[in-house]
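Could you build the full structure based on these sequences and the hints that come with them?
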Amino acid sequence: MHLFGKLRSLVGPSRIIEGEGFDPCGKWPAEKSFLALGLDLKESSALGKEFGQNAIVWAGADAIPRLILLR
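The opening position of the sequence shown corresponds to residue 0 in numbering that gives the first Met the number 0, with each subsequent residue numbered one higher.
Label pairs and their calculated CB-CB ranges:
{"no.": "1", "residue 1": "C24", "residue 2": "D61", "range": "30 to 40 angstroms"}
{"no.": "2", "residue 1": "C24", "residue 2": "M0", "range": "30 to 40 angstroms"}
{"no.": "3", "residue 1": "A60", "residue 2": "D22", "range": "30 to 40 angstroms"}
{"no.": "4", "residue 1": "A60", "residue 2": "K26", "range": "36 to 46 angstroms"}
{"no.": "5", "residue 1": "L69", "residue 2": "A29", "range": "15 to 25 angstroms"}
{"no.": "6", "residue 1": "L40", "residue 2": "I16", "range": "13 to 23 angstroms"}
{"no.": "7", "residue 1": "G59", "residue 2": "K26", "range": "30 to 40 angstroms"}
{"no.": "8", "residue 1": "A60", "residue 2": "G25", "range": "32 to 42 angstroms"}
{"no.": "9", "residue 1": "H1", "residue 2": "G37", "range": "13 to 23 angstroms"}
{"no.": "10", "residue 1": "P12", "residue 2": "G59", "range": "19 to 29 angstroms"}
{"no.": "11", "residue 1": "D22", "residue 2": "L69", "range": "15 to 25 angstroms"}
{"no.": "12", "residue 1": "A45", "residue 2": "G18", "range": "16 to 26 angstroms"}
FYI, nobody ran anything at the bench for these hints, they're computed from the structure. Cβ coordinates follow ideal geometry from the N, Cα and C atoms, glycine included.
In structure tokens:
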């Protein structure tokens, strides 16, 4: 299963916002991103590891974004 499908099964489609990070200079390819509301840090980290991410950005109820290194 791909990441969007896995997220959809965990939180529902209305709690996922799709995005895309891109290099304004055009030197790096664009990369898809997802904001998934309602996942705790443990679930988010496990998904990141499952899909080969080096890190995730996670925020809890305090809305402070944190860079979580996974490797």
